[in-house]
Amino acid sequence: GLVHDVDGKPLRADAGDLVAIASRSPRGADIAVAADDAWLRAPFGDQIFFEGRDVAAQAASVVAQALEIVRRWRPSLYEEMRNTCRAIQFVRDPSADPAKIVSFSDDSVPGALFVSVWQGRGLIDPYDLADSLIHEYRHQKLYLLERFGPTVSPTAPRVVSPWRADLRPPSGLLHAVFVFVELKRYWAHVLEAGPCHMRDRAINQLQDTERNLELGFATLRTCSMTPLGKALIDTLDRARRQQPVAA
1 GLVHDVDGKP LRADAGDLVA IASRSPRGAD IAVAADDAWL RAPFGDQIFF
51 EGRDVAAQAA SVVAQALEIV RRWRPSLYEE MRNTCRAIQF VRDPSADPAK
101 IVSFSDDSVP GALFVSVWQG RGLIDPYDLA DSLIHEYRHQ KLYLLERFGP
151 TVSPTAPRVV SPWRADLRPP SGLLHAVFVF VELKRYWAHV LEAGPCHMRD
201 RAINQLQDTE RNLELGFATL RTCSMTPLGK ALIDTLDRAR RQQPVAA
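For the sequence shown, full-length UniProt numbering gives the first residue as 1, with consecutive numbering after it.
Just to be clear, a hint being listed does not mean it is correct.
Cβ-Cβ distance ranges computed for the label pairs, FRET-style [to be verified]: (1) P110 <-> R53: 44 to 54 angstroms; (2) T155 <-> G122: 44 to 54 angstroms; (3) Q242 <-> D14: 50 to 60 angstroms.
Below are the EDC-like pairs computed for lysine to aspartate or glutamate, each with C-alpha atoms no more than 16 angstroms apart in a straight line [what the hints assert, rightly or not]: (4) K184 <-> D200; (5) K184 <-> D208; (6) K141 <-> E79; (7) K141 <-> D107; (8) K184 <-> E146; (9) K141 <-> D200; (10) K184 <-> D106; (11) K141 <-> D106; (12) K100 <-> E80; (13) K184 <-> E214; (14) K230 <-> D93; (15) K9 <-> D46; (16) K141 <-> D208.
No lab work stands behind these hints, which were simulated from the structure alone. Remember, predicted model here, so these are calculated numbers, not experimental data. For each residue, glycine too, the CB sits at the ideal point set by N, CA and C.
Using the sequences provided together with the hints, build the complete structure.
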């Protein structure tokens, strides 16, 4: 059947599209940053605004700084991100508060991270961009795991998520927990070794994340999970209680 974008419009590839895709040169280990790639953007229709070349040129150095922050903190995580995520796209939500940091990823575009690089009237701080990149990478990592099998019973009802105002399927809550267990480790590192101007931000992030993880794990324990889902919850619960280490 036809594939549609989020607006319900069918996505079709003509002969020219297929030739262009087939003729692309391998990028090696490089991540394509803000590439003008219609097929990375097509699934989202008109719902998402993609930044132009002017912003992309300005933000390239911030991306490099953010990735270097990750590399210095946890080289193994940095290598995972480079091997798994092949594209970073710059987005903006025109309906959101200009000060809000926006990011997302989607299983329909494997390995692509969609992040905002403009906050208020200036470029985002590299430490906040590192947060966004880690956040969306963790979603992508869990999408890959979910291809091996479901984590939640298909009949499980929606639940309260401490990160969202609306009810969420347990799989959505599991994604949030999977993401924020790693971000807790990241912000603990920022608090310990990051710049002074990020100290208050790190403290607030850690307080909010610890509270939300407690609620999130408690809720997941009441959900109808598959054996894979239960094993993952146990692993994540152990991970969040460990002292953060660089690796």
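Check your understanding: Is the hinted range of 50 to 60 angstroms satisfied by the C-beta distance from Q242 to D14?
Key -> holds, 51 angstroms
Review point. Is the hinted pair K184 and D106 satisfied, with a Cα-Cα distance of at most 16 angstroms?
Key: violated, 22 angstroms
**Study point:** Hinted pair K100 and E80, Cα distance within 16 angstroms
**Key:** Given that 16 angstroms is the threshold and the Cα spacing comes to 27 angstroms, the pair is violated.
Check your understanding: CA of K184 to CA of E146, is that 16 angstroms or under?
Key -> Given pair K184, E146 is violated - Cα atoms ~23 angstroms apart, limit 16 angstroms.
Check your understanding: Do the alpha carbons of K184 and D200 lie within 16 angstroms of each other, as the hint requires?
Key -> Cα-Cα ~14 angstroms, so holds.
Point to revise | K141 paired with D200 [C-alpha distance capped at 16 angstroms] | key: violated, 29 angstroms
Review point. Is it true that the CA of K141 sits at most 16 angstroms from the CA of D107?
Key: It holds: about 10 angstroms lies between the C-alpha atoms, which stays within 16 angstroms.
Review point. Taking only the CA atoms, is the gap from K141 to E79 under or equal to 16 angstroms?
Key: Roughly 13 angstroms separates the two Cα atoms, so the pair holds.
**Study point:** Pair hint K141 and D208, alpha-carbon separation not exceeding 16 angstroms
**Key:** Roughly 23 angstroms separates the two Cα atoms, so the pair is violated.
Practice item. Below or equal to 16 angstroms on CA atoms is what counts here, so check K9 against D46. Key: holds, 10 angstroms
Check your understanding: Does the Cβ-Cβ separation between P110 and R53 fall within 44 to 54 angstroms?
Key -> Once the Cβ atoms are compared, 25 angstroms apart, the range 44 to 54 angstroms for R53 and P110 is violated.
Practice item. Could you grab the alpha-carbon distance between K230 and D93 and see if it respects the 16 angstroms cut-off? Key: Violated - the C-alpha atoms of D93 and K230 are around 35 angstroms apart, more than 16 angstroms.
Consistency with the previously given hints fails for numbers 1, 8, 9, 10, 12, 14, 16, ordered from lowest to highest.
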